[in-house]
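**Q** Could you put together the complete structure from these sequences and hints?
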Amino acid sequence: NAGVMQNPRHLVRRRGQEARLRCSPMKGHSHVYWYRQLPEEGLKFMVYLQKENIIDESGMPKERFSAEFPKEGPSILRIQQVVRGDSAAYFCASSPETGVSNQPQHFGDGTRLSIL
Amino acid sequence: GESVGLHLPTLSVQEGDNSIINCAYSNSASDYFIWYKQESGKGPQFIIDIRSNMDKRQGQRVTVLLNKTVKHLSLQIAATQPGDSAVYFCAENPGNTGKLIFGQGTTLQVKP
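Heads up: the sequence lines are chains A and B, in that order.
According to the numbering used here, the stretch in the first sequence is residues 1 to 116, in order.
According to the numbering used here, the stretch in the second sequence is residues 1 to 112, in order.
Read the hints as simulated data drawn from the structure, not as lab findings.
The reader is advised that the hints may include incorrect statements.
[Claimed, not checked] In silico lysine to aspartate or glutamate, DMTMM-like type, Cα no more than 20 angstroms apart, as pairs:
{"hint": "1", "chain 1": "B", "residue 1": "71", "chain 2": "B", "residue 2": "49"}
{"hint": "2", "chain 1": "A", "residue 1": "44", "chain 2": "B", "residue 2": "17"}
{"hint": "3", "chain 1": "B", "residue 1": "42", "chain 2": "A", "residue 2": "109"}
{"hint": "4", "chain 1": "B", "residue 1": "68", "chain 2": "B", "residue 2": "49"}
{"hint": "5", "chain 1": "B", "residue 1": "42", "chain 2": "A", "residue 2": "72"}
{"hint": "6", "chain 1": "B", "residue 1": "42", "chain 2": "A", "residue 2": "63"}
**A** This is the structure:
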């Protein structure tokens, strides 16, 4: 019964490089969500995806950030040309196929992104 | 606008006492609420949830109370243990959007 798996756990990038964060949902879950957490703050919603579809990306910056959840393989959050302000913990959550309505989201342990 | 907030940033309790963590929300459309526990270096861990058609829900050592009149949510932990030390977040799901809105969090410190 593996939970939500995220990798890498820690990622260091220099300004201008690209960061790729991966998330494999729990078995049987087809809804994936990405959140960002700054130190001493709560999580902020970024994007909600189902297989091959972006459902809601209202919390994701329009530039440099993109997300996908292909038919096969993990969900990817991609940050291009990273800047120091992108340093944060990025969490992925998943929920069951029965839909988002009143279903708890289960979280992975996150990727800590540090920008030098 | 939409917001979920917590009244106290830090709560310190004696081991064995009961803990009460509070949360206020502002979106009347929210119909589903969740409490999460986050330990250092880990992701939020689901504790308990409640739907808006309920006032109270109990789990193992935890109880969530929902007061829709004043838009208030609380988490009660009975016989608090050192392992309960963590940051606790309430989250709401307005309008079944799948987009959870988190509060800032309350740090629970359990003194031996």
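**Q** All the hints need checking, so say for each whether the structure fits it.
**A** Do the hints match the structure? See the list:
no.: 1; hint: B:71 with B:49; in the structure: holds, 15 angstroms
no.: 2; hint: A:44 with B:17; in the structure: violated, 32 angstroms
no.: 3; hint: B:42 with A:109; in the structure: holds, 5 angstroms
no.: 4; hint: B:68 with B:49; in the structure: holds, 15 angstroms
no.: 5; hint: B:42 with A:72; in the structure: violated, 27 angstroms
no.: 6; hint: B:42 with A:63; in the structure: violated, 28 angstroms
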